[in-house]
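Novice: Chain residues, written in single-letter form:
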Amino acid sequence: MSDNGQTPVLRINNIEAIYDHVILVLKGVSLEVPEKGIVAILGANGAGKTTTLKAISNLLHAERGEVTKGSIEFKGERIEKLNPNELVRRGCIQVMEGRHCIEHLTVEENLLTGAFTRKDGRGAISADIELVYTYFPRLKERRTSLAGYISGGEQQMCAIGRALMSRPDMILLDEPSMGLAPQLVEEIFEIVKRLNEQEEVSFLLAEQNTNVALKYAKYGYILENGRVVMDGDAAALRENEDVKEFYLGIAGDNRKSFKEVKHYKRRKRWLA
Amino acid sequence: MELLYGIFVDPFVQMWEFPDLLVQVLWEGFVSGTLYALIALGFVLIFKASGVFNFAQGIMVVFGALSLVGLYAFGVPAYLALILSIAIMGVLAYSVERVVLRPLVNQEPIILFMATIGLNYFLIGLGEMIFGGEPKTMITEELGLPKGAWDFEMLGGFVSIQRIDAAAAIIAGILVGGLAIFFNKTRIGRALRAVADDHQAALSVGISLNQIWRIVWFAAGIVALATGIMWGARSDVSFALSIVALKALPVLILGGFTSIPGAIIGGLIIGFSEKLAEFYWGPLVGGSIESWFPYFLALIFLWFRPQGLFGEKIIDRV
Ligand SMILES: Nc1ncnc2c1ncn2[C@@H]1O[C@H](COP(=O)(O)OP(=O)(O)OP(=O)(O)O)[C@@H](O)[C@H]1O
Ligand SMILES: [Mg+2]
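Protein chains in written order, with this note's numbering: chain A, 1 to 272; chain B, 273 to 590.
Bound conformation, chain A alone (with noise of 0.2 Å):
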């Protein structure tokens, strides 16, 4: 389906996914990433654009929930069977909704959990960790800080710097602009544009903020009721009447506010 013939690194084949084996979230979404793409999920609230992610992560199983049909290829081969820590080694790693920096330990502990998976020595690993500090100076400021204390744009920044630690080839990246302001906002969507480039990682990200997501991004998909009602290329769809209207508030109101209410943190679900 590519149009340059290669392989797509990330392809998602009619999936359907339920929660608590009854809830029907995704009704058939398909998609696909291309090599060092930058590709959006895009959608209001409760569209299905978390559980798409999950679904690919398989995080979805500790949320009981499970994919039951289709099909998702990570580099040709499938995955949908494996669990999180097959998979980050694999390359493919999810930033979470609301980061989910652990918030007892420092930043920089925080970055070396990323690493978990990796057995190429601690000087490999150090040397990352120059690396993530390289994109985010911020973060190496407050390397010793707790994250629990630090603010939300830099819990943004430890959260990406933190997947960038398994050196992955795809990170999923669950609305990076969550309640945080719009300059802050175009500095993390910047950095994810020079990590595309430079370090070749390719994203796919969840976006409630249309408007960011459609600049960086070079595709996107419109999640309507876990279906996808729209995809094109992201100047195509910016021109779009529907999108402007529905997902850009061009048309005057104040659609976009709702994203605000939104729970900020997710409480831990544990076991529960």
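Keep in mind that a hint or two might mislead.
Stated by the list, open to error - Using 25 Å as the maximum straight-line C-alpha spacing, the simulated BS3-like pairs for lysine-lysine come out as follows:
#1 Lys408(B) <-> Lys119(A)
#2 Lys457(B) <-> Lys140(A)
#3 Lys75(A) <-> Lys218(A)
Think of the hints as simulated: they come from the structure by calculation, not from any bench.
Given the coordinates of chain A, work out where chain B with the ligands should sit on it, guided by the hints.
Specialist: Relative to the frame of chain A, chain B with the ligands by itself:
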């Protein structure tokens, strides 16, 4: 009036007049306290990492000690028996993760709690079947642990310190120190703290919960074995020992279920206070208050600080 005197004045007069006795009582309290702290530590480790309140922790203490003396009775040399007992705790940890935790992941905490009650009775049954139910003597000497006592002349009297007690305190200290280094300085320790703090985040970076659970149950098993040896050396090795392990409950209430320093300090507080209460206030009610005083203390404590002395600081910056 006499009662009030007996409660509020007389014990302190005695402490003042016979300081050697006070030191003796405090020492006894310290030793019991370190052992309570070790048992509580086992609970805390498991609770932190897997959210499971392990009802079987007390039986793990007995089971560890029983394997050791049982193997020795079958003719295995003492040190080999010790190594094999450690291995048995490893097998136990692996089996619990495989048979109990993994299938029950995502279930309500109460269900996991019930599963540990099941484990409790399973271990009792297994222990009795293999090694028999009668009380046994700990192979203290064979393991190279000291016997006898030191008598110190001090404060106008004598203080007698059992050598095995001193060894228990030292070994407990080494174990606690070792665990602290393990958790704070190693890759696995860091992963474990990550799991305790935010298991989803830990999962998302590829930390394997199953691996962490196995390690934590193994660590708790080793702690249990050490406690069993020390406690067994002071009394007998029998299933009655698990009653002692229940003393960990007031320790946990005092120290908080998730705090390692809490388990240690809580254990010491319970140890000191029960011995002091027994010795100085016990005679007032005609005897043994040691067995219930810790629970009473914990109850009082619950009124004032339900999260425990060191209940983990909840970071809330929103
Ligand atoms: N653990 C769960 N158990 C049951 N239902 C769930 C669970 N998580 C999500 N859902 C449901 O699945 C649907 C899709 O949720 P999802 O979190 O994927 O949406 P989203 O597009 O990421 O929304 P948001 O923008 O709010 O993050 C929602 O209707 C939600 O109620
Ligand atoms: Mg979401």
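Novice: Each hint: holds or not?
Specialist: Hint check:
no., hint, in the structure
1, Lys408(B) <-> Lys119(A), "violated (47 Å)"
2, Lys457(B) <-> Lys140(A), "holds (20 Å)"
3, Lys75(A) <-> Lys218(A), "holds (20 Å)"
Going through the hint list in order, the structure does not satisfy hint 1, though it satisfies all others.
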